Amino acid sequence: MEKNQPLLTVSNLTVSFKNKGRNVNAVNNLSLSMEKGEVLGLAGESGSGKTVTAMALAGLLADSKHTSVKGDIFFNGTPLPTIPNTNRFKSQRISMIFQDPLQSLNPAFTVGRQIQEVFMVRKKMTKRRARALSLDLLRQVKISSPESVAPQYPHQLSGGMCQRIMIAIALAGEPELLIADEPTTALDVTIQAQILQLLRQLHHTTKTPILLITHDLGIIAQFCHSLAIMLEGNIIEKGRVKDIFAGPLHPYTRGLLDSIPILGRKDRLKAMAPPRHSVNPVRGCSFHGRCPRKKKICEVKQPELREQEPGHFVRCFTPGGLS
Amino acid sequence: MKKQAKALVQHPTGIIGIILVLFWVSVAILAPMLAPPQDPDNAYMMVRHGFSSLPNPPNGQSPWGTTSGGYDIFYGIIWGSRTALVLGLVTVLATATIGALAGGVCAYYGGILDGVCMRIVDLFMGIPFLIAVIVMTTVWGKGMDKIILALIVFGWHRYARMMRSEVLVVKEQEFVLAAKNMGASPMGIFFRHVLPNALSPIIILMSINIGRMVLVAASLSFVGIGAEPGFADWGQMLNFSRNWISGIPGAPFYYWYTYAYASVAIFTFVLGWTLLGDALGTMYGKQEAY
Amino acid sequence: MNNALITIQSLEKEFVVRRGFFPRPKKIIRAVDGIDFSINTGETFGLVGESGCGKSTTGRMLVRLMPPTSGKIYYQGEELTAKTEKQMLPLRRNLQMIFQNPHGSLNPRMSLEQILEEPLKIHRYPFSNRAKRIRELMDYVGLSQTSMDRYPAEFSGGQRQRIAIARALALDPKFIVADEAVSALDVSIQAQILNLLMDLQKELGLTYLFISHDLGVVNYISDRIGVMYLGKLVEVADCNTLYRRPLHPYTKILLASVPVADPNQTFKAMAWDTPEGDFPAPPAGCSFYNRCRERLDICSRQKPSLKEQAQGQSVACHLFNP
Ligand SMILES: Nc1ncnc2c1ncn2[C@@H]1O[C@H](COP(=O)(O)OP(=O)(O)OP(=O)(O)O)[C@@H](O)[C@H]1O
Ligand SMILES: Nc1ncnc2c1ncn2[C@@H]1O[C@H](COP(=O)(O)OP(=O)(O)OP(=O)(O)O)[C@@H](O)[C@H]1O
Ligand code: SF4
Ligand SMILES: [Mg+2]
Ligand SMILES: [Mg+2]
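Residue numbers (the working numbering), protein chains in the order written: chain G, 482 to 804; chain P, 968 to 1257; chain H, 6 to 327.
Calculated directly from the structure, the hints in this document are not laboratory data.
Wrong hints could be hidden among the right ones.
Computed cross-link-like contacts, DMTMM-like style, restricted to lysine to aspartate or glutamate with a CA-CA straight-line distance of at most 20 Å [said to hold, decoys possible]:
(1) Lys723/G - Glu598/G
(2) Lys608/G - Asp581/G
(3) Lys137/H - Asp41/H
(4) Lys751/G - Glu159/H
(5) Lys747/G - Glu159/H
(6) Lys747/G - Asp267/H
(7) Lys207/H - Asp154/H
(8) Lys747/G - Asp243/H
(9) Lys747/G - Asp228/H
(10) Lys179/H - Glu208/H
(11) Lys499/G - Asp544/G
(12) Lys747/G - Asp177/H
(13) Lys973/P - Glu159/H
(14) Lys517/G - Asp669/G
(15) Lys207/H - Asp581/G
(16) Lys126/H - Glu48/H
(17) Lys257/H - Asp669/G
(18) Lys751/G - Asp267/H
(19) Lys723/G - Asp243/H
Remember, predicted model here, so these are calculated numbers, not experimental data.
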């Protein structure tokens, strides 16, 4: 067997939006790879471009007057063009689950029909067969009485139920990659635990790799193999979850880990400097304005993503430990 | 405030609206200079040049000609702008104030008051506006004041409905709860927090309605139940031109001056306020989205 | 214990949901279903529970933003529930609230100065001292260098929450209800606001009711925690006890559901045997009955009441009150 070829390689992905005549890069020259069967967590500041990256991967961003998507995406060794009219081909291989399940389901159709549709359109199945398969799928996402849930409309179901339906729809396409964008942020912790448990079981059985976007470092610690941290449209640290939690290299990651309250611990949080939303792209490292470890060079030069320790990448001139 | 004004001016139709509105406002203000009245105590009565039953084309004495009955068209248009403006502003200010207060207070306090108030509004909604106004003015007789009164009586409920739905949203917002928590009085909260944040759709409706009210008044005058004869009013001038619109055989536009000036005046006046309202609408819409 | 600042007794709140004008079968929601607890001077009492269990309703009743359907609220021994709106006015300055949404809790048409001046105006703070007081408030929350004539839209979420806190502090309150005060903020800003609230508490001797669905946050800031389920308080304990030795089955599940931000500690989420959906409480029994895995026979017939089990830990569950 040859060396493990990554499942997904993204290189130099740049997404920019035109707003009032100004171009804003929501994603800036981002490169990323994902192994087969991996659960990769994507965390980072609000507005750092996590959702936009996910949308670009899933081919949900249309290249238009206001949006431009550049870069190369290789999936299983074959290129995935970022041109919009290949959407259907792409979304067959990559499925996405969103934060608000109620908004991403169609309120006008029963949930059963929405799952069925995927089978009928993508796999050209007959209605009867699609129906049987969709009931199976509902059972798979741990809905105990699919026959009574299938004829319901989204608004008749609870948030957790709707999220299960969304997962079922995503699975119906038999994706090669599942992207979940904050799938449990809108749910109660107990329901969140159920959904995460479900995702974990599904991952065990199907081995479908998952890109899990979340703010919750607890979810990352418990569910992901590796982790990428984003800041201002780029990845600033990437590595195995255990390595990053044990020794974060980037000052932002350090700050992030120090500023979340951990259940059972009461030591004082170390608050980070808040983001400054400047419109103009900053020179040098995008974090230098609020970095406790800033050096002269940080203001003038942008650091590259380097492999500081085996399998642990960081984009910083003064990576962790040196202080 | 400055930002909003700038956005309004940058809005392409907004700027046209503003220009038209400003034009008619200045005409109304400068009326005594543009067309000096013969009898300053009775300036709204149109100047007459004789009592000829035939319209007279533009000449040295009357620059835009006269209508049948010898009324000076130029004078009528200039002073008619005052009539239009006063009519529009008075009816709209009155309907908006009554409607916004009634709808706002009812929605804010809720309960039985709200229920009763909304049934009354529903009742008015069921009455066809134009017919009601026609009936009322025929009962009361002619006169600008009566038209204005009729327009107010049958116009306030639109504002009440709009205000009610706005207030129902705003009063649940957390800043209203915060004010209550501070100990602000219900009236204080209503005027300081609820009303200002519920007002923008009302302002849009007001602007559009200034034009609309003038149009309604003009149509009433046109069918002859509006202003008393000789009163400087664009609708009435159109009424005078009714018999002359078709011109004479072989020359259909022979009496063009009897209706052209008044039509253009009404059209630009209504257009100005409507465009302004539209621009305000998109502006506030944008602001809300942002 | 005589240093209770706030005491509530069998507090209840029912909402009648009517659809349309004509009397139709109305639906009654028992948002708060008879709860008792007290908050001591200078402590932070945390309130957790799932969405819709009545946390906000409880908080709002405590500062008299909503009249309770029944039950009593005492503030320093005075019965708030017996007071008229007018008698409440002088007391209101002691009872303040911070809301969840930093975008919704500030009037968008008022400038920073007007926002901070409003409570001073309402309570007739001497005019000559107002400017000084406003500057002092901005110092408290770390907003000193910002200009006073800016509007809420010109501030970031964290700054807006600071303004809301400054406004709540304006009248020197004794007691503040913070309803999901940090939930809408990014983690870095969340830590700042939490630290700010804790520093202010020390400096000004404040007492908090801290409402949140985030157990990590509540555990961090609170001294004691009350766990709510379907309008009822099912367990009250001090923070460490609750975390180390939860007694009520719901508390256990709640704590076990939180993924801990430590990859070396394994997640012990209990997959629930029961399917998801609505779980109406049996009318006669424990409200948690339908979801409970340790339920007894008696649980469907009799409502458990909140009883003290150990020093400072009370539970409402038949497992402990046979
Ligand atoms: N359609 C769009 N047009 C213009 N700008 C956009 C658009 N979508 C996103 N952006 C901008 O791109 C940036 C990245 O947004 P994105 O939604 O990816 O952030 P995020 O990391 O997912 O944040 P959050 O954690 O809050 O969900 C933001 O500054 C956002 O304002
Ligand atoms: N004004 C109201 N009218 C009718 N029902 C209401 C009203 N306010 C709250 N409720 C209902 O009362 C119950 C408790 O609501 P409450 O807002 O107190 O819950 P919560 O615990 O704060 O939830 P969340 O975590 O979602 O904020 C809910 O079922 C809610 O739908
Ligand atoms: S009283 Fe019974 S049903 Fe309720 S939580 Fe305790 S054991 Fe479970
Ligand atoms: Mg996002
Ligand atoms: Mg709430």
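Status of each hint after checking the structure:
| no. | hint | verdict |
| --- | --- | --- |
| 1 | Lys723/G - Glu598/G | 41 Å, violated |
| 2 | Lys608/G - Asp581/G | 28 Å, violated |
| 3 | Lys137/H - Asp41/H | 41 Å, violated |
| 4 | Lys751/G - Glu159/H | 27 Å, violated |
| 5 | Lys747/G - Glu159/H | 34 Å, violated |
| 6 | Lys747/G - Asp267/H | 15 Å, holds |
| 7 | Lys207/H - Asp154/H | 30 Å, violated |
| 8 | Lys747/G - Asp243/H | 13 Å, holds |
| 9 | Lys747/G - Asp228/H | 10 Å, holds |
| 10 | Lys179/H - Glu208/H | 12 Å, holds |
| 11 | Lys499/G - Asp544/G | 12 Å, holds |
| 12 | Lys747/G - Asp177/H | 27 Å, violated |
| 13 | Lys973/P - Glu159/H | 18 Å, holds |
| 14 | Lys517/G - Asp669/G | 31 Å, violated |
| 15 | Lys207/H - Asp581/G | 39 Å, violated |
| 16 | Lys126/H - Glu48/H | 29 Å, violated |
| 17 | Lys257/H - Asp669/G | 15 Å, holds |
| 18 | Lys751/G - Asp267/H | 17 Å, holds |
| 19 | Lys723/G - Asp243/H | 32 Å, violated |
The structure does not agree with the numbered hints 1, 2, 3, 4, 5, 7, 12, 14, 15, 16 and 19 stated previously, though it agrees with the rest.
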